[in-house]
Each structure stands twice: as structure tokens, then as C-alpha cells.
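Peer 1: Now for the letters of each chain:
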Amino acid sequence: MEPNASRRLWMYGTMVLSREFELAIKAAYLEGKQPVFNMARGPIPGEMHLSNGQEPCAVGVCAHLKYSDTVTATHRPHHVAIAKGVHLEAMAAEIFGRKTGLSGGRGGHMHLFDARVNFCCSGIIAQGMGPAVGAAMAAKLRGRRDVAVSFIGEGAANQGAFHESLNLAALWKAPVVFVIEDNAWGISVAKAAATAIERNSDRAAAYGIPGSYVAGNDPDAVYAVAGDAIERARSGEGPSLIEIDTVRLEGHFMGDGEGYRPTQEKSGLTARDPIPLYRQRLETGGVAGRALDDLEIAARSAVEQAICFARKSPEPVAEEAMQRVFA
Amino acid sequence: MKKRKITIAKAMAEAICQEMRRDPSVLVMGEDIAKLGGVFGNTRGLLEEFGAERVRDTPISETAFIGAAVGMAASGMRPVVELMFVDFFGVCMDAIYNLAAKQSYFSGGQVTCPMVLMTSVGGGYGDAGQHSQTLFATFGHMPGLKVVIPSNAYDAKGMMIAAIRDPNPVVFMFHKALQGMGWLGTVQRSVTDAPEEAYVVPLSKANIVREGSDITVVGLGATVHMALDAAEELQRDGISVEVIDLRSVAPLDRDTLVASAAKTGCVLCVDDDYVSYGIGAEILASVTEAVRLQKKPRRISYPDIPVPFAPSMEHAVLPNKEKIVAAVKSMVREQP
Amino acid sequence: MTDVVIPTDLLEGLEGALSVWFVEDGDKVSEGDVLCELMVEKAAFEIPAPAAGTIRLLVQPETPVRGGTVIARVVV
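Chains as they are written, first to last, in the working numbering: chain A, 1 to 327; chain B, 328 to 663; chain C, 664 to 739.
For the record, the hints were derived by calculation from the structure and aren't laboratory data.
Each hint should be verified, as a subset may be incorrect.
[Stated by the list, open to error] Straight-line C-alpha distance at most 30 Å; calculated DSBU-like pairs for lysine-lysine:
| # | chain 1 | residue 1 | chain 2 | residue 2 |
| --- | --- | --- | --- | --- |
| 1 | A | Lys33 | B | Lys648 |
| 2 | B | Lys362 | A | Lys33 |
| 3 | B | Lys429 | B | Lys532 |
| 4 | A | Lys191 | B | Lys362 |
| 5 | B | Lys650 | A | Lys33 |
| 6 | B | Lys650 | B | Lys623 |
[Said to hold, decoys possible] Take a look, some chain A residues computed to stay more than 12 Å from chain C by CB distance:
| # | residue |
| --- | --- |
| 7 | Val117 |
| 8 | Asp220 |
| 9 | Leu249 |
| 10 | Ser267 |
| 11 | Cys308 |
[Said to hold, decoys possible] Derived Cβ-Cβ restraints for the label pairs, each shown as a range:
| # | chain 1 | residue 1 | chain 2 | residue 2 | range |
| --- | --- | --- | --- | --- | --- |
| 12 | B | Ser352 | A | Ala27 | 43 to 51 Å |
| 13 | A | Glu265 | B | Asp520 | 35 to 43 Å |
| 14 | A | Pro276 | C | Ala715 | 55 to 63 Å |
| 15 | A | Met322 | B | Gly398 | 40 to 48 Å |
| 16 | B | Gln515 | C | Glu678 | 17 to 25 Å |
| 17 | A | Ala318 | C | Thr665 | 49 to 57 Å |
| 18 | C | Val668 | B | Pro578 | 46 to 54 Å |
| 19 | B | Asp631 | A | Asp294 | 49 to 57 Å |
| 20 | A | Pro276 | B | Glu375 | 38 to 46 Å |
| 21 | B | Pro578 | A | Ala192 | 40 to 48 Å |
| 22 | C | Gln723 | A | Ala138 | 51 to 59 Å |
| 23 | A | Lys266 | B | Arg563 | 51 to 59 Å |
On a predicted model such as this, the values are computed, not experimentally measured, just so you know.
C-beta: ideal position from N, C-alpha, C; glycine also.
Please model the complete structure; the sequences and the hints are all you need to start from.
Peer 2: This is the structure we're talking about:
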């Protein structure tokens, strides 16, 4: 399944939008945190897990999804949220902890919920998988063709919930696709030091479901494999597992000195940035540079608008902390 | 004796190191505890000294590696295992409360569980609902577990050594606000002198860190420091505050609490765990069962809400010095 | 009297800050005692005493420092 020209442009534009967003968030996050990096300080306190480099995973999959499809994601959610169509301004405001955020500032960067587009994420590794199976089952029981997608990291494949979710999804033939973004690092621990086998996609066979591996962090390759898996699910044929070889360009979280990452690997990262590589491919394939420039300009403008909206939004008042615990 | 100040992070690492030198059955496991030295700095230097067999980075498999620690403990080893954030207990609680906590009981004492589960607690820096909880009451509630939390480096080192030597499972909580990691801020009072040689601080004793006569304020971890700050301010208003550092959630040192309550007749508990069914609830119940207080007791705790992300909300609901000062003044002035 | 200086090569031209002092003004220190923790970007370093004597602290925690900054003095 090849993406057509318009899908390709959508993927490029969305990757750029996501990257511009991450760069703007990074800059805002670092405000107030120098010279002493104190996580509590600045307009965005707490942890920050950026997705720079992993954009192909998000766009290649979400290109096939509708608002009524469900996506669950992780502590590194921004690229997936953007690709799923989460409201950019409300998302930025939530990350800044403002009243106008997706949950009024209650959740922050790791707990983004946009019910409008059926997107949510949370910070406990692999715990988004069960809910994805559930959302898939809800669609199935209601006779709908909607699917669910669970995004996880490769570290999550060693967590109990991974195995239980795959088995349950297979048993119930749930229309769910599990997508592993393999960036080779679980904080400071390399995949080889944590996972007993080389390919997590091979684990799918243990549950009787198809498992595919996508090399090279390539949006078109992700698109092709994801398209098949999602169509399988929509047609009632059940779940699949996709493992994508991607790259984490920044540290695990902002403030991570990455002393554990080999110098050679760190210095080679820029060359692996998927966005300039995809741009090159598009131009070689005949897309006008001007069209791509326009996408970049639009992205920057949208991000600027979103960040501006966030900064100008009021902070929640203390009493609001007590609301929304129950319906 | 020459003074040497260290952070709680360093105190923990040093304690584990000294016990590993002394006792070959001690080993350390957890996520990012080897090469990185722990996300919170509490295992720095261990991999370099003891090697990868005894200092093990684990996959993200809490149920498996904490379960494995229980098995190692049953087989005569002394594992020190880290649960990176206490909030992650949901994925591995069975190994902790159904196995570790019940090993001695189910075996009639044949098999104990000399395991230390060290875990980070607390928020106040914007890490939101799944990375900021303390859960003292959740763990304190389970029979068979010892649950402790130091408020300073001296206690941290002595309590870690005691925990490793203890034949029972010890949940060793360390508060992120006190750890001494620059990136989380530092409470200077938690950075204390600690002897270079090994020493033990008994696990089940509370510590009266400031003597007083008008009111007993009980805190643990970060709230000990808030209470001490409040006590200094209240001193200027002529109010004499006795501050107790609880140190141990389980077993609870009821004797020290009751004696202090009997002395002052007025008790305020301060903790940053959820209020209902919590630390304050247990302390006040225990104290009022034994002593007729002169003033109505109170507790300052975290409300029954998930930890909000936005600082304007999070900081408003956390206990702090100002809330303690206001409560003490109003309690002390209450007419009998 | 010996100055306690931030080594020039440690910070590589970047600005750092003292995150915590391990000694108090007026303490007696020995050569090699760890005096404080310095944070640079995301890494932490310990600064040792260059000589034995009484330490005089010159810089508050969280003050920015650079390579060459004198943060304390050891007086004999």
C-alpha cells in the first residue's frame, strides 16, 4: 500500500508540524531552568519527553485513522497526538498547565486527553495497551469498523501488560493494532541489555497474530505496513503487532545528560533525522520545493499561534483542583 | 570528629556500598540503577565497584524482577531492588503484598524475606498524577511490610543499613524533594553530616527532632522540614512546638507519639499522602485511643484528588509551612 | 590562603551553578574533602578542597559560575 501524493504531503507537513511544536516546547521548557536545572521552575515544570526523530511512526500510522478510531499513547505523546488531530492550542495550553488546556491543567504533558478525536495517553509503561483492546472491543460489539491503535516503546514489550494484552486481543479478535516505536533506549538501558530476543515483532507469533518489522524510520514504509494492519482490523480479522525501527534524537527526558549513550551514536544522530531525509525523497520524486516550504511556514505559524495561546491563557485557580474528580 | 556532609542520595548509595562490601549476599537490581547510578542518584558508584552480576539493570518488568527478588530473598540472598516511582506499584503489587509481606507468616517463620524495596515518593515539581504520589498509607496498611522514610542523610544511611540487615521486607521510601539532586531542588536541612563508617538507625523508632510543650506536630519525609520551618516561626510568637519525625510508617512508633501527646495535649499531623484513611487518620486514632487530648486534634494532608499538574493547583493543595503555622495558632488558641 | 576555583576545562565555556554546599562557612576542611556540588547543564560535579584549613564561602547556592570563578577560600 503506497501513499499517494496527497498523503505524502500530509505526512511531511504533519512531521514538520510535530517537530516545530517540539522545538518550541523545548525552548519554553528550558526557560527558568538555567543555570541550575531545577525541574520545578519555569513556565513548564515537571518532566518533558520529546518525540524528535520518531515522527514517521506517528504519521505513517495515523494517516489511516479517522476521528472515531481510538489511539492510546505514552509518556512521549506529542507527535502521536498531533498526527491524530488533537487540538493543537488546547494541547499546548495543557502542557503549560493553563485553564484552557485539554483537561484544564490537571493532566499536563503525559496525560493528554482529547475525546473529540479519541486520543489519550498516560505515563505508566504498557498500561495503554489494555484500554486500546477495550476501545477496539467496544467498536466490535457495536458493529462498527472503527479500530484502536496502541503506541508503546520497545521497553514496554517486557512488561506483563504487553503479553496479556496481545493474548487477550488475539483471543477476542479485537480490531486493535499495537505499534512499537523502537528507539533502542529505555532511559539509560539499551534494548540489547533488556530484551532477550532481537525482534519484538517475532513475539506476535507467540500469540498467533501477524507481526511486522519496519526498518529505517521510513514514513512510507510505516504507511504501507500500518495500512495493511489497520485494514485487517477493520475487516474483522483481528489484531497485529508492528515494530518500527526509529530514533530518539533528544535525551529520554529534557535534562538527561545521556552519559550512557556512546559518543559515536550521539554524533551520528543528525544524519538520521527523518524529516530532511523525507524532504529529499519528496523532492527527488518531483514535489516542488516551494510546496514543502509552504508546509513548513504553515507549521511554524500554527505552532507560534498555539504557544502564544497557551502563554496568554490564565492559570487555573486553586479551587479547580477539587473539580472533575468525579463526574 | 571531622564533619562531612552528604545528600540523601549519596547516603543511600554509601550504605548499600558498605553493606555489599561486608556481605556478598547483597545485590542491587532495578531500572537504570547500574550504569546511570539510578535516576535519583542512589546507586552511584556501585556498578564500578561490584560489577554487573551484583548490580543489575533490569528490563521494564517490575512483576518479574520484584518477584525474583522475593525468590532470591527466600533463597538466602539480600536483594536491594528499586521501584523507580512508588506510583508504579500497580504493576507489581502482588509480589510485594501477597508474597514478600506474607512469606514469613505463611512459612511459620521458616522462610523470611530480607528484601529492601527502595522507591521514590512525592511531588511538588510538576510531575502530575502518576509520578508524584507518596502512598504511605497504602503500603503501611499491608501487614508484613516495614515501611520507612528518612528526612535527612544521617537517618537515610543508618536506616538503609538497618533495612538491608533486617530479615523482613522493608519498603524504603525516599522523598524526591529531599534527595539532593540539583534537578529537583534541594532542602538544605536534609543534607547532613554522616559518619563515614557503617552505623545503624533503628527502623521502628520515631525521632523527636525538636522539643516543645504547647503542641506536637508529626511529620514524615518532606513535611518534617515544613514542620521545623513552622516551629521556628511559631517560636517568635511564643508558641513552643514539639516536632516528631515519624521515620517509620510501619511499624508505627505509637509509644513516642502517645508520650508526646500526653505531654502537650495537642496534636497536629502533617503528611503529603491522600487524607482519607491516611497517615493522620492512623496517628490520631492511635493517640486518641490512649490519651484524652486537651484540644481537638487536626491533620493536614493531601486532599482526595489526583495530583494536578498545573503549579497553581498543585502548590495550593500541598501541605506547606504556612498551613502548619495557621493550624497551630488556631489549635493552640482554641478555648477548652 | 588558597582559592577554590572552578576549573576552566570543567565547564567548557558554559555557565554552571552551585547546587549545594556540603560545608558551612568557618568549617575546618582537609585537602580533598568534597566542598560542594556544581551543576552544569545536566551534569553534576563535586568540587574538592585544594588545601587544608578553614573554609570561607564566597558564593550562594544557585549563583551562576564560570570556569575561573573563585567560589571559596581556604585560610590556614
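Peer 1: Any Cβ of chain C at or closer than 12 Å to A:Ser267, or is the non-interface label fine?
Peer 2: Non-interface label stands for A:Ser267: nearest chain C Cβ at 16 Å, farther than 12 Å.
Peer 1: Is it true that the C-beta distance of A:Pro276 to C:Ala715 lies inside 55 to 63 Å, as the hint says?
Peer 2: Holds, since A:Pro276 and C:Ala715 (Cβ atoms, about 57 Å apart) stay within the stated range.
Peer 1: Just to be sure I understand the hint, the distance between the Cβ atoms of C:Val668 and B:Pro578 should be within 46 to 54 Å; is that true here?
Peer 2: At roughly 50 Å between Cβ atoms, B:Pro578 and C:Val668 fall inside 46 to 54 Å, so the hint holds.
Peer 1: Between B:Lys650 and B:Lys623, does the CA-CA distance stay at or below 30 Å?
Peer 2: Holds, at roughly 17 Å.
Peer 1: Could you see if the CB distance from B:Asp631 to A:Asp294 stays within 49 to 57 Å?
Peer 2: 51 Å, holds
Peer 1: Holds or violated: the 40 to 48 Å window for the beta-carbon distance between A:Met322 and B:Gly398?
Peer 2: Distance hint for A:Met322, B:Gly398 holds at roughly 44 Å.
Peer 1: Take the C-alpha atoms of A:Lys33 and B:Lys648, compute the straight-line distance between them, and say whether it is at most 30 Å.
Peer 2: 24 Å, holds
Peer 1: Is the nearest Cβ of chain C still more than 12 Å from the Cβ of A:Val117?
Peer 2: 35 Å, holds
Peer 1: Next pair to validate is A:Lys191 with B:Lys362; report whether the Cα-Cα distance is within 30 Å.
Peer 2: Holds, at roughly 14 Å.
Peer 1: Check whether the Cα positions of B:Lys650 and A:Lys33 lie no farther apart than 30 Å.
Peer 2: 28 Å, holds
Peer 1: Return holds or violated for the Cβ distance of A:Ala318 and C:Thr665 against the range 49 to 57 Å.
Peer 2: 51 Å, holds
Peer 1: Between B:Lys429 and B:Lys532, is the straight-line Cα distance small enough, at 30 Å or below?
Peer 2: 23 Å, holds
The earlier numbered hints are all upheld by this structure, with none contradicted.
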